[in-house]
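S.K.: Sequence:
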Amino acid sequence: MEMNVIYCLTPAPYWQQFEGKAEYLPRDYEEEGFIHATKGDDLLERVMNRVYTTYEGELLLLVIDEDRVKSEVKYEQASDGDLYPHIYGPLNTDAIVEIRQMERGPAGWTV
-15 MEMNVIYCLT
-5 PAPYWQQFEG
5 KAEYLPRDYE
15 EEGFIHATKG
25 DDLLERVMNR
35 VYTTYEGELL
45 LLVIDEDRVK
55 SEVKYEQASD
65 GDLYPHIYGP
75 LNTDAIVEIR
85 QMERGPAGWT
95 V
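Letter by letter, the sequence shown follows residues -15 to 95 of this note's numbering.
Please note that a few of the clues may not be correct.
EDC-like cross-link-like pairs, simulated, lysine to aspartate or glutamate; straight-line CA separation at most 16 Å [what the hints assert, rightly or not]:
hint: 1; residue 1: 54; residue 2: 25
hint: 2; residue 1: 54; residue 2: 12
hint: 3; residue 1: 23; residue 2: 64
hint: 4; residue 1: 54; residue 2: 78
hint: 5; residue 1: 5; residue 2: 51
hint: 6; residue 1: 58; residue 2: 16
hint: 7; residue 1: 23; residue 2: 50
hint: 8; residue 1: 23; residue 2: 49
hint: 9; residue 1: 23; residue 2: 60
hint: 10; residue 1: 23; residue 2: 82
hint: 11; residue 1: 23; residue 2: 51
Don't read these hints as lab results, they were simulated from the structure. Keep in mind it's a predicted model, so treat the numbers as computed, not measured.
Using the sequences and the accompanying hints, generate a full structural model.
M.R.: Right, dumping it as structure tokens:
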């Protein structure tokens, strides 16, 4: 059975406080009202290089099985015209199926 995968990016030092916990909330959750996510490698790479352009630290990719997310997931169009999955509520960490360390090369972040 194939998973319905979405992605969420987080700096490693921030993620450390959620390891072993039941739920995850990003730094900007209170301000934004939802968790930003993305779907597909092309969109992920564009987001990494737009949002984390100057970020020099360790960046983690949360690989999420969307079907296991307990909070509502809505696909909404952003100002760039693309549809993004937004998670309206905390992310239950048992929906995270893998955590990958992202690599930054001379041309920027790559999947």
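S.K.: Against each hint, give a clear statement of whether it holds in the structure.
M.R.: Results for each hint:
| no. | hint | in the structure |
| --- | --- | --- |
| 1 | 54 x 25 | violated, 24 Å |
| 2 | 54 x 12 | violated, 20 Å |
| 3 | 23 x 64 | holds, 15 Å |
| 4 | 54 x 78 | holds, 10 Å |
| 5 | 5 x 51 | violated, 20 Å |
| 6 | 58 x 16 | holds, 14 Å |
| 7 | 23 x 50 | holds, 10 Å |
| 8 | 23 x 49 | holds, 11 Å |
| 9 | 23 x 60 | holds, 12 Å |
| 10 | 23 x 82 | holds, 15 Å |
| 11 | 23 x 51 | holds, 13 Å |
Consistency note: the structure conflicts with the earlier hints numbered 1, 2 and 5.
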